[in-house]
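Student: Start from the sequences and build out the full structure, keeping to the hints where you can.
Line by line, the protein sequences are chains A and B.
Residue numbers for the first sequence follow our numbering, so the first one is 326 and each next one is one higher.
Residue numbers for the second sequence follow our numbering, so the first one is 326 and each next one is one higher.
A portion of the hints provided could be inaccurate.
Put simply, identical chains are the same to the list, so a pair is met inside one copy or across any two.
Unchecked claim - Here are the simulated lysine-lysine pairs, DSSO-like style, with alpha carbons at most 30 angstroms apart:
#	residue 1	residue 2
1	Lys394	Lys339
2	Lys456	Lys394
3	Lys487	Lys419
4	Lys487	Lys474
Everything labelled a hint here was simulated from the structure, so no lab data went into it.
There are 2 protein chains.
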Amino acid sequence: MADMDWPGCAKSLKGVILDMCGVLYDSGEGDGVAIQGSVEAVKKLKTCGLQLRFCTNETQANREKFVAKLGRLGFDISVPEVFSPAPAAVAVLKERGLRPHLLVYDGLLPEFDTVDKTNPNCVVIGDAADKFSYENLNEAFRVLLGLEKPVLLSLGQGRYYKETDGLKLDVGVYMKALEYACDLKAEVIGKPSPMFFQSVLDDMGLQPHEVLMIGDDLVSDVGGAQNCGMKGVQVRTGKYRPSDERHATVTADGTVDNLAQAVDLILNQRN
Amino acid sequence: MADMDWPGCAKSLKGVILDMCGVLYDSGEGDGVAIQGSVEAVKKLKTCGLQLRFCTNETQANREKFVAKLGRLGFDISVPEVFSPAPAAVAVLKERGLRPHLLVYDGLLPEFDTVDKTNPNCVVIGDAADKFSYENLNEAFRVLLGLEKPVLLSLGQGRYYKETDGLKLDVGVYMKALEYACDLKAEVIGKPSPMFFQSVLDDMGLQPHEVLMIGDDLVSDVGGAQNCGMKGVQVRTGKYRPSDERHATVTADGTVDNLAQAVDLILNQRN
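Tutor: Here you go:
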């Protein structure tokens with residue numbers, strides 16, 4: 326059952342931002358699987374006059390490969406519509422003259438091709454999955470401990486995500502591990518960083534109150550968007566858990582069974 | 326150079342507690358190596374009329390194997406003199422009817438032989454080193470997330486330790502990772518838990534002001550002992566770093582180059 330009070334805002338909406346994993350598809354072996362009704366829901370949104378962007382903390386592949394994968398799942402999405410942490414991190418690295426030691430998924434490495442990685446003076450971690458070995462964590466730790474002013478950039482701060490074979494630990498968990506090991510505070514790039522959401526709003530040319538975020542992560546998607554002045558709706562797919570609906574600090578503007586239901590509620594309001 | 330004000334307390338001392346790794350020896354390939362002068366220093370302490378105990382957060386082997394290893398390095402230490410977290414954890418598990426999912430070093434498993442491990446209702450982590458793989462962390466995380474009242478016991482909360490081939494991440498780092506992933510607070514067994522230090526004092530039958538702790542970990546050894554009313558001296562071996570001597574919250578009662586120097590200063594005061 327969806328809450329019935331939120332769709333009212335749909336009348337004045339000018340844009341929608343969609344989280345991807347857990348909203349459009351569940352990841353897992355191979356390309357993962359599209360969530361029922363989500364391919365059709367994206368099509369509907371694209372033809373109803375709303376601006377649409379995709380905002381993901383996905384860091385297991387560069388955007389080209391990621392968009393190609395979604396294409397194979399049936400989604401019509403182009404690279405410029407997708408906002409992900411790696412390109413945002415590259416901008417930060419270049420601006421501040423930082424040379425990263427990278428602890429990221431192999432598929433993400435091409436995003437950093439243009440960055441000087443010799444003699445590292447910072448560490449960048451993304452969701453590295455199996456590459457989060459004891460040995461690799463030790464190596465990142467030693468780089469940080471060897472720096473006079475250690476800098477740790479984290480591509481997101483998620484706790485966990487769902488793959489077809491179960492819940493998996495996300496980058497935020499390893500960020501906290503290195504923060505404790507080195508007694509420092511990481512800089513988060515990606516959701517829920519306000520800077521990251523603002524870059525999407527800037528690209529749309531819209532004000533926060535004109536835009537709705539739909540995601541499966543209550544804190545990162547919904548709370549992050551709300552902190553920027555947007556409405557945030559949570560879907561009961563992906564990493565959603567029933568306890569999210571009685572969370573201590575974040576309350577979604579609406580909760581829906583899935584993206585298809587969210588889109589139908591929005592379109593009903595606008596017709 | 327040692328500070329010259331602390332050895333004064335040695336006159337009224339009745340007992341000494343020694344940390345082991347980083348004070349007696351540096352761990353690493355094989356048995357590791359004894360720190361210069363430490364075998365002789367332990368001998369001197371054993372013959373000067375002070376009670377002596379060894380207090381370690383070592384969780385890579387059960388006490389029998391651990392003591393045998395120290396014997397091969399030249400130390401004359403017996404199992405009842407050694408206090409380590411695993412036996413303390415076993416007592417807690419049995420008292421509270423907890424059945425652990427264990428994420429610990431294989432060598433430590435015998436300490437848990439008498440504990441029911443079927444259908445786990447808690448997770449116990451120790452320094453698992455290479456066993457801290459992404460897969461094993463995911464497994465521990467899923468056990469915790471599946472519990473109505475998740476309980477995480479951590480055998481220590483150290484940040485890192487030194488092996489002969491470099492600094493390595495310790496259990497506390499992975500404790501923080503799981504705390505963040507599951508939004509819970511772990512219960513720490515071992516140093517610097519006051520309960521753990523108190524069990525050593527009880528065994529000696531001494532009051533805190535009669536006992537000195539010597540360790541290489543400023544927070545866990547020195548700070549932990551000071552919180553219990555003991556004096557705490559730090560050695561400049563093991564994981565010691567010069568920045569420890571200007572730490573924000575913990576100030577050692579004395580800092581010495583190594584255990585041999587500490588023992589000579591104590592014995593000089595008592596003769």
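Student: Name the hints, by number, that the structure is in violation of.
Tutor: 3
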